[in-house]
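Q: Model the full assembly from the supplied sequences, consistent with the hints where possible.
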Amino acid sequence: MNDPDVISDVKASYAGIHMDVPLDVIVRRGRRLRAQRRLPGVAVAAGIVAALAVAVAAVVPGSGRATAPAGSTGTGRQAAWTVVSQPNGGVRVALRWPGIRDVAGLQDRLRADGIPARVARIGYLRPPLNVPGCQVFRDWSAGPGGISYTRWRKIFYGPHTGQQSNHAFWVYRSAIPRGLGVLVDIYYDGTFGLYVVKASPQCTGT
Amino acid sequence: MRRQGVSQEQADFAEFYAGSRDDCLRTVLAAVRDVDKAQDLVAEAFARAWASWRKVSRHPAPRAWVVRTALNLSVSSWRRHRRELPLMDHDAPACGPASVRVDTELTAVLQRLPARQRQVVALRIFLDLDTAQTAEVLGIAPGTVTAHLARAVAALRTEFAAYAGEGDPS
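Chains A and B, in that order, give the protein sequences.
Counting in the working numbering, the first sequence runs from 79 upward without gaps.
Counting in the working numbering, the second sequence runs from 238 upward without gaps.
Think of the hints as simulated: they come from the structure by calculation, not from any bench.
Just so you know, not all the hints are guaranteed correct.
Interface residues of chain A toward chain B, partial, derived using beta-carbon atoms under 7 angstroms [what the hints assert, rightly or not]:
hint, residue
1, Asp81
2, Tyr92
3, Val99
4, Leu111
Glycine is no exception: its CB is placed at the ideal position from the N, C-alpha and C atoms.
A: Okay, structure coming up:
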């Protein structure tokens, strides 16, 4: 047996081995790696901006207390989110980049506005929609037991048309059917996913 | 314009992935000897390749980059888990995934080679790397690659001949 035969035998013995992982899984993971790689730079830049803001506030009289928007966390710091109730029953939520940490505060605020809500952060160890205690309607379905696109749109868009912003959304509590609630799944960069869930004490508090 | 650049990049990566994933998996499998683990390592290495695609796409041997990354990950993983108790064969799967159909006798022959010889053989055979590229991927001298390859091929020749002899009814 000569060398080319040996090589072709080895090749042949592995010919049945194929990679099963789909491309989109690889691409998603790669994007997350890229984002993680950018995070330290972003954190440094945010720290510099925050330090500059504090320095300016200390030096310039009267500029230190920015007026907190209506419905914000009201902590005196720049709020990571703002919630503004509208006369038409809608609630506008704006998330401030670079992402929010106080998801529990936002969740409490939405619940205080009568919205059965769960707000969760998506981390590396928790993939989207995998929220403990919550039964999420993952896909639109007009059939019984499903959530139609029309219903979803009424809950999150109300009378609005066109696209929502990447960092702000609406919730219309009057459009949420009894027994259902909303899930806001927030990524580290402040972008989010909006879903309908079954209301329950574990998930939405009611 | 930027969007177009991104989709072109992704198309290039998709083509690279489709054309090299099986060979990379086979190469890493020859080194780590566990299909599931090899698949995880190669998937993570491709994800890292996509995360650094501008750099990797200009690499003289992108497939070698993927394999090198997967093998590095394997070493890191071994360092993390070396204190775990080995279960030997007790929890070995009864059969592999559906996509894995190998001639187990022949692959066993390759698996019996020392680790470095397996790696050299896999890089030369599955990725068609030359001696210099193989040496670069493994971080060893080209002369060492040649020596490992010669010993590995000699061992394989003997083993394969014996295997073929066993299967021959005459």
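Q: Report holds or violated for the interface hint on Tyr92 (chain A), using the least CB-CB distance to chain B and a cut-off of 7 angstroms.
A: holds (4 angstroms)
Q: Against chain B, is Val99 (chain A) within 7 angstroms by beta-carbon distance?
A: Because about 4 angstroms separates Val99 (chain A) from the closest Cβ in chain B, which is inside the 7 angstroms limit, the hint holds.
Q: Restraint: Leu111 (chain A) near chain B, CB-CB cut 7 angstroms. Satisfied or not?
A: holds (4 angstroms)
Q: At a threshold of 7 angstroms, is the proposed contact between Asp81 (chain A) and chain B supported by beta-carbon distances?
A: This interface hint holds because 6 angstroms falls under the 7 angstroms limit.
Of the numbered hints listed earlier, not one is contradicted by the structure.
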